[in-house]
Amino acid sequence: MKYSMIGLLLLLGSIAVAQGYVPKIEPCPCMIKVDPTLISKCGYLIVPESRQQPAGRTLKLPFVYLKKSIADSAITLFTTGGPGYSTIANFTEITAKSDFFQFGSFIIFDQRGSKKAVPCLDCPEINTALIKGYKENLSIDSLRLEAVKQCRKRLALQGINLSSYNTIESAADINDLRLALQLGKLNLFGISYSGGLMLTVAKDHPECVKSLILNSPLPAFTNYEEEGLVNINEAFVQVFDNCEADSTDKSTYGTLRERFHQYFMKITGKTFALAYKVKGDSQTRQIHYTKKELLDAVLNRMNRWQIRAVPFVMNEIVNGRHEPYVKEILDEIFKGDERLSHGMRYSIYCSEQIAYARKELVKKQELILPWLAGYEFNNVDHAICDCWKVKAEPPGAKEPVYSNIPAIIGAGDIDPWCRPHYNRLIKRYMPNSQLLIVHDQGHLPSFFVNGVDYLKTFIENPYKKLVAGKGVVVE
79 MKYSMIGLLL LLGSIAVAQG YVPKIEPCPC MIKVDPTLIS KCGYLIVPES RQQPAGRTLK
139 LPFVYLKKSI ADSAITLFTT GGPGYSTIAN FTEITAKSDF FQFGSFIIFD QRGSKKAVPC
199 LDCPEINTAL IKGYKENLSI DSLRLEAVKQ CRKRLALQGI NLSSYNTIES AADINDLRLA
259 LQLGKLNLFG ISYSGGLMLT VAKDHPECVK SLILNSPLPA FTNYEEEGLV NINEAFVQVF
319 DNCEADSTDK STYGTLRERF HQYFMKITGK TFALAYKVKG DSQTRQIHYT KKELLDAVLN
379 RMNRWQIRAV PFVMNEIVNG RHEPYVKEIL DEIFKGDERL SHGMRYSIYC SEQIAYARKE
439 LVKKQELILP WLAGYEFNNV DHAICDCWKV KAEPPGAKEP VYSNIPAIIG AGDIDPWCRP
499 HYNRLIKRYM PNSQLLIVHD QGHLPSFFVN GVDYLKTFIE NPYKKLVAGK GVVVE
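The sequence shown begins at 79 in this note's numbering and counts up one residue at a time.
Check each hint, because a few of them may be wrong.
Derived DSS-like pairs: lysine-lysine, alpha-carbon spacing no greater than 30 Å straight-line [as the list claims (entries may be wrong)]:
1. Lys175 x Lys119
2. Lys357 x Lys413
3. Lys138 x Lys413
4. Lys194 x Lys231
5. Lys210 x Lys227
6. Lys119 x Lys263
7. Lys210 x Lys355
8. Lys437 x Lys467
9. Lys263 x Lys194
10. Lys213 x Lys227
11. Lys194 x Lys175
12. Lys263 x Lys534
13. Lys227 x Lys442
14. Lys119 x Lys288
15. Lys467 x Lys231
16. Lys175 x Lys145
17. Lys476 x Lys442
18. Lys328 x Lys263
19. Lys288 x Lys355
20. Lys263 x Lys370
21. Lys505 x Lys288
22. Lys534 x Lys146
23. Lys102 x Lys263
24. Lys213 x Lys328
25. Lys328 x Lys355
26. Lys505 x Lys476
27. Lys138 x Lys288
28. Lys111 x Lys231
29. Lys370 x Lys467
30. Lys138 x Lys194
31. Lys145 x Lys213
32. Lys355 x Lys413
33. Lys437 x Lys469
34. Lys145 x Lys119
35. Lys413 x Lys213
36. Lys348 x Lys476
37. Lys413 x Lys194
38. Lys357 x Lys328
Because the hints were derived from the structure by calculation, they are not lab data.
All values derive from a computational prediction rather than experimental measurement.
Using the sequences plus the hints, can you model the full thing?
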């Protein structure tokens with residue numbers, strides 16, 4: 079629903095008094111190809127970098143607002159996970175037949191600091207350091223820390239306040255976009271990190287939210303670093319349990335758990351070598367790798383599209399067949415990820431997670447999970463954050479979200495990062511939320527399972543209890 083012109087003027091006037099600024103829209107060409115039959119509005123949201131200094135530096139945050147009909151009233155806003163990834167960069171084209179329109183209009187919004195935003199907290203120094211480390215078999219940790227320092231210095235010299243790129247400010251950006259576009263309440267769709275972002279919107283700006291759609295959400299109120307290896311191990315346990323229950327090849331997959339544990343304990347601290355040719359380079363190099371790359375190859379498949387390949391890949395690796403899987407990881411490293419803004423990831427992760435993570439508890443996980451000892455399960459850690467130097471988010475950011483807003487929460491029982499445990503914690507303080515735990519799916523499970531569209535049912539009546547079908551538990 080749109081505000082009347084008089085109502086809008088009164089609203090914007092009250093915002094200006096309360097906040098010291100009015101969010102604005104600057105039109106621009108759409109950054110993705112849009113079906114000409116759609117009604118589109120594309121532009122930048124203009125807001126302060128720091129709402130504590132509303133008259134200071136401003137940011138430009140891109141959005142794409144699409145609708146099939148002028149009569150569409152329901153609006154869903156989507157932003158991607160990470161943190162550090164551009165939402166718009168995930169799309170090349172939107173057609174009128176897209177599933178995104180089954181619930182009305184759709185907004186794609188880029189978080190502050192991401193690739194398409196101005197400024198972008200990009201750190202090309204990081205990829206350069208990683209490539210140099212692998213090519214020359216040098217200490218990647220040392221090279222990366224030096225690159226982090228270089229990137230921070232460069233961004234600081236541009237006058238960028240790195241502490242302003244956090245979840246609380248990003249949540250306010252979403253509410254400001256709604257106000258600037260003269261919109262009523264929104265359905266907010268968040269995945270992984272942005273699931274936690276949408277929860278922050280619900281906490282700080284409840285007037286903005288009609289319902290929440292959260293897929294594999296990571297709530298800000300957890301201490302992820304203290305649980306990262308435990309989370310991974312829980313997902314592996316589910317894989318092993320499935321193998322032992324369902325596999326017809328018991329000699330191979332019935333013993334996978336024990337063989338996997340023994341193998342990865344044995345190779346802790348060991349370095350391997352592989353002949354590798356970088357794309358576009360005629361020289362074949364001896365690249366060193368460790369258990370990190372092997373575990374990365376397994377974990378990269380623990381999503382809903384590749385999860386069924388995980389037992390086979392585990393068995394291949396413990397039998398010493400590393401080459402195709404390590405090459406796959408190296409290909410990604412040398413290619414780089416054009417969607418990721420490392421600086422934004424550091425600012426959010428350091429202020430929200432690392433600032434509250436206790437080093438001694440992070441380390442204690444290795445005592446009970448020796449097969450995962452030494453595994454670098456995140457590309458942000460205390461050493462990086464000591465270099466990045468941003469302020470911790472206030473303690474209130476680590477409190478659960480108490481809300482009556484209706485929510486649907488999707489969880490895969492083999493998700494190694496955002497475990498069903500986290501989703502149950504969210505639900506505990508949100509009495510109108512419903513949790514779907516999807517069997518045999520990893521990170522970002524589908525809401526459409528075995529012919530049942532749970533998301534459609536939820537949107538049609540967010541307060542109606544969902545009925546579990548095959549392969550799904552509803553809590």
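Going through the numbered hints above, which ones does this structure break? Give me the numbers in ascending order.
Per hint list: 18, 19, 20, 24, 25, 28, 31, 36, 38 violated.
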